[in-house]
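Sequences listed follow chains A and B, in order.
Note that the numbering used here has the first sequence beginning at 82, numbered continuously upward.
Note that the numbering used here has the second sequence beginning at 82, numbered continuously upward.
Among these hints, one or two may not hold up.
One copy or two, either will do: identical chains are not told apart, so a pair holds if it fits within one copy or between any two.
Stated by the list, open to error - Keeping only pairs whose Cα atoms sit at most 25 Å apart, straight-line, the calculated SDA-like set for lysine to any residue is:
hint : residue 1 : residue 2
1    : Lys102    : Glu165
2    : Lys124    : Gly311
3    : Lys247    : Arg146
4    : Lys124    : Ile267
5    : Lys256    : Gly246
6    : Lys110    : Asp224
7    : Lys303    : Asp280
Calculated directly from the structure, the hints in this document are not laboratory data.
Protein chains: 2
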Amino acid sequence: MEELQSAKNVRVKEWKKLLTKKGRDQSGKYMLEGAHLVEEALKTNEIVEIMVQHNFTAIKIEQLREFPVTLISAEISQSISATETPQGIFAVCKKRDVGLDLAIHRKLLLLDGVQDPGNIGTMIRTADAAGIDAVIFGEGTGDLYNPKVLRSAQGSHFHLKVVGGKLSEWIKQLKAADIPVYGSAIENGEPFINVPSSDSFALIVGNEGAGVDSAILRQTDKNLYIPLYGQSESLNVAVAAGILLYHLQKPI
Amino acid sequence: MEELQSAKNVRVKEWKKLLTKKGRDQSGKYMLEGAHLVEEALKTNEIVEIMVQHNFTAIKIEQLREFPVTLISAEISQSISATETPQGIFAVCKKRDVGLDLAIHRKLLLLDGVQDPGNIGTMIRTADAAGIDAVIFGEGTGDLYNPKVLRSAQGSHFHLKVVGGKLSEWIKQLKAADIPVYGSAIENGEPFINVPSSDSFALIVGNEGAGVDSAILRQTDKNLYIPLYGQSESLNVAVAAGILLYHLQKPI
Chain A
82 MEELQSAKNV RVKEWKKLLT KKGRDQSGKY MLEGAHLVEE ALKTNEIVEI MVQHNFTAIK
142 IEQLREFPVT LISAEISQSI SATETPQGIF AVCKKRDVGL DLAIHRKLLL LDGVQDPGNI
202 GTMIRTADAA GIDAVIFGEG TGDLYNPKVL RSAQGSHFHL KVVGGKLSEW IKQLKAADIP
262 VYGSAIENGE PFINVPSSDS FALIVGNEGA GVDSAILRQT DKNLYIPLYG QSESLNVAVA
322 AGILLYHLQK PI
Chain B
82 MEELQSAKNV RVKEWKKLLT KKGRDQSGKY MLEGAHLVEE ALKTNEIVEI MVQHNFTAIK
142 IEQLREFPVT LISAEISQSI SATETPQGIF AVCKKRDVGL DLAIHRKLLL LDGVQDPGNI
202 GTMIRTADAA GIDAVIFGEG TGDLYNPKVL RSAQGSHFHL KVVGGKLSEW IKQLKAADIP
262 VYGSAIENGE PFINVPSSDS FALIVGNEGA GVDSAILRQT DKNLYIPLYG QSESLNVAVA
322 AGILLYHLQK PI
């Protein structure tokens, strides 16, 4: 197999566009990198093509035979990577096609203006672990297909539904589907421990600095807080989401 | 007040040394940066000196009058900062003097080989929130005074005891003090929910990839796991610590 050498090649330019939200939105595709994420992608039918450096050995070329594979130079690997030291394997995938059905998907996490990609990805991973069915990206929340979000999510974005939209509209739909909606707030709410675990709930977490928007908090059924027993003023949003989701969810 | 201009000044060289572990170990001092952390430091008697850019206004110079303050140029601010865009305020502090008394400090978090500074700092912040008394940095765990650890901890390192040492030795002391010791593991343990909350416990969490060392896990009273209900293979260590600490701790 011939190796693509030059980072100025027109195909490389197309790949690099996938590092930007605009490029992803225009093409309907995104890029994953690293052995773990590509292995997760191999279990799906969402891969468009794979790019691999000739000296990358953690995944054997034979495993990739059903996909279009391009061998790439180290220079290209560097130029299409979102990391400083690329592992040398990449997959272009189709953006996910998600159908959310609130009759079936009844445990949800809603993100209101969460900005840090590491926090967003960690929450997708945590939601997956906690058996949550769907994550809704509300206004002002970062992009699911941002490379840092994908890296922190460690492949969990393949395991649950991720959709976008206006949270105020989603809350109306959740209520119509008889799913209790819980906001989270530092104060003016109930200690989370007072709310029982359930098969159906929607938890909303908010921006790292400002929390959940006050208009959203007025739309919820209840707002929950996590008591602070020490002198810390708040918890990291991904840690808070973990504590709340593991409390709320009832294993099936 | 005169402004220190040149980043080549000998004092600037001393400050820059505090960005390395070696420099901090040799001087017994460390550096904090940013308004929030400096404000937390102002509540202590641990500040050695403060450096501030002339155009920094979030904290008034009058508030700093009891400390030696040096006005610094933007160039110096950039050169002593661990961030890309420094806020323009720094404090040099004495490393903390910690006396740990297991008769009094009976809720503890032990870190075994935790490497990511963001995870370490987030766990200090979480431990503070959960009312934990002390965090023990075991073998292979990053340095408390690493700028990224301090940033993620958001000042919580001032609110609890942080000590180092060999975990196997600490576990002996914890047992002698009648404090139950819980390891955390992906498997081969009990679901955390089976263990009751308590006034006394020591929780050990481990390295991001390898988990808690198996020799350590053999020394514990029990090892706990957090059930994974989805397809995720693990939780982020800081999220896991949050779930376990909030479950184990009983508010006083």
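We went through each hint and held it up to the structure:
no.: 1; hint: Lys102 <-> Glu165; verdict: both (20 Å within a copy, 23 Å between copies)
no.: 2; hint: Lys124 <-> Gly311; verdict: between (44 Å within a copy, 16 Å between copies)
no.: 3; hint: Lys247 <-> Arg146; verdict: neither (41 Å within a copy, 49 Å between copies)
no.: 4; hint: Lys124 <-> Ile267; verdict: between (40 Å within a copy, 23 Å between copies)
no.: 5; hint: Lys256 <-> Gly246; verdict: within (16 Å within a copy, 52 Å between copies)
no.: 6; hint: Lys110 <-> Asp224; verdict: within (13 Å within a copy, 40 Å between copies)
no.: 7; hint: Lys303 <-> Asp280; verdict: within (17 Å within a copy, 30 Å between copies)
The earlier numbered hint that this structure contradicts is number 3, and it is the only one.
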